[in-house]
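Engineer: Sequence:
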Amino acid sequence: MHLSADGKFLYASNRGDANNIAIYRVNKTDGKLTIVGFQPVLGKAPRNFSIDPSGKFLLCANQDSNEIVIFKRNKNTGLLTDTGKRIDIPKPVCIKWVKK
1 MHLSADGKFL YASNRGDANN IAIYRVNKTD GKLTIVGFQP VLGKAPRNFS IDPSGKFLLC
61 ANQDSNEIVI FKRNKNTGLL TDTGKRIDIP KPVCIKWVKK
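Be aware that the sequence shown starts at 1, since it is given in the working numbering, and climbs by one per residue.
Keep in mind that the hints were calculated from the coordinates and are not lab data.
Hints may be right or wrong, so weigh each one.
Each computed SDA-like pair below joins lysine to any residue, with the alpha-carbon atoms no more than 25 Å apart [stated by the list, open to error]:
#, residue 1, residue 2
1, Lys91, Ile35
2, Lys85, Ser4
3, Lys8, Cys94
4, Lys91, Lys32
5, Lys44, Lys32
6, Lys28, Leu10
7, Lys99, Asp64
8, Lys8, Pro90
9, Lys100, Val26
10, Lys56, Thr83
11, Lys44, Lys100
12, Lys56, Val93
13, Lys32, His2
14, Lys75, Pro53
15, Lys44, Leu79
16, Lys72, Asp30
17, Lys72, Asp17
18, Lys91, Lys75
19, Lys100, Lys28
Construct the complete structure from the given sequences, taking the supplied hints into account.
Structural biologist: Written as structure tokens, this is what we have:
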């Protein structure tokens, strides 16, 4: 699970038959979660995912389909949109951001 940097949205990966990212809106007053939706990961076994430092993208490591799928993230709605971009890599299990 990952919380967006602004604290507005919580994301959780679901493996197995679901293969999606659950998106929740976080109530800033009481912390309660409201489901926004489910984004299919367009692959199998979303082992790990990460929101980039700008908050504009979410990358999902689909372990069993050997790729990282890049989604654009809407900062206002929390929803994800497929960019059509993929990184082919065998059995990805972790995504980390590094500074230059």
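Engineer: Next pair to validate is Lys85 with Ser4; report whether the Cα-Cα distance is within 25 Å.
Structural biologist: Satisfied, since the Cα-Cα distance of roughly 22 Å is no more than 25 Å.
Engineer: Would the hint linking Lys56 and Thr83 be met if the CA-CA limit is 25 Å?
Structural biologist: With Cα atoms ~11 Å apart, Lys56 and Thr83 stay inside 25 Å; holds.
Engineer: Going straight from one Cα to the other, do Lys75 and Pro53 come out at no more than 25 Å?
Structural biologist: Holds, at roughly 13 Å.
Engineer: Check whether the Cα positions of Lys100 and Lys28 lie no farther apart than 25 Å.
Structural biologist: violated, 33 Å
Engineer: Taken at face value, is the distance from the CA of Lys100 to the CA of Lys44 at most 25 Å?
Structural biologist: violated, 31 Å
Engineer: Need the status of pair Lys91, Ile35: alpha-carbon distance at most 25 Å?
Structural biologist: Violated: Lys91 and Ile35 sit about 29 Å apart, past 25 Å.
Engineer: Tell me if the straight-line CA distance from Lys72 to Asp30 falls inside 25 Å.
Structural biologist: Violated, at about 28 Å.
Engineer: Would you check the hint for Lys8 and Cys94, treating anything up to 25 Å between C-alpha atoms as holding?
Structural biologist: holds, 24 Å
Engineer: Take a quick look at whether Lys100 and Val26 sit within 25 Å of each other, Cα to Cα.
Structural biologist: Not satisfied, since the Cα-Cα distance of roughly 32 Å exceeds 25 Å.
Engineer: For Lys72 and Asp17, compute the direct alpha-carbon distance and say whether it is at most 25 Å.
Structural biologist: Judged against 25 Å, a Cα distance of about 23 Å means the pair holds.
Engineer: Assess, step by step, whether the Cα of Lys28 is no farther than 25 Å from the Cα of Leu10, and give holds or violated.
Structural biologist: Judged against 25 Å, a Cα distance of about 12 Å means the pair holds.
Engineer: Hey, Lys44 versus Leu79, does the alpha-carbon distance stay inside 25 Å?
Structural biologist: holds, 20 Å
Hint compliance for this structure: hints 1, 4, 5, 7, 8, 9, 11, 16, 18, 19 are broken, all remaining hints hold.
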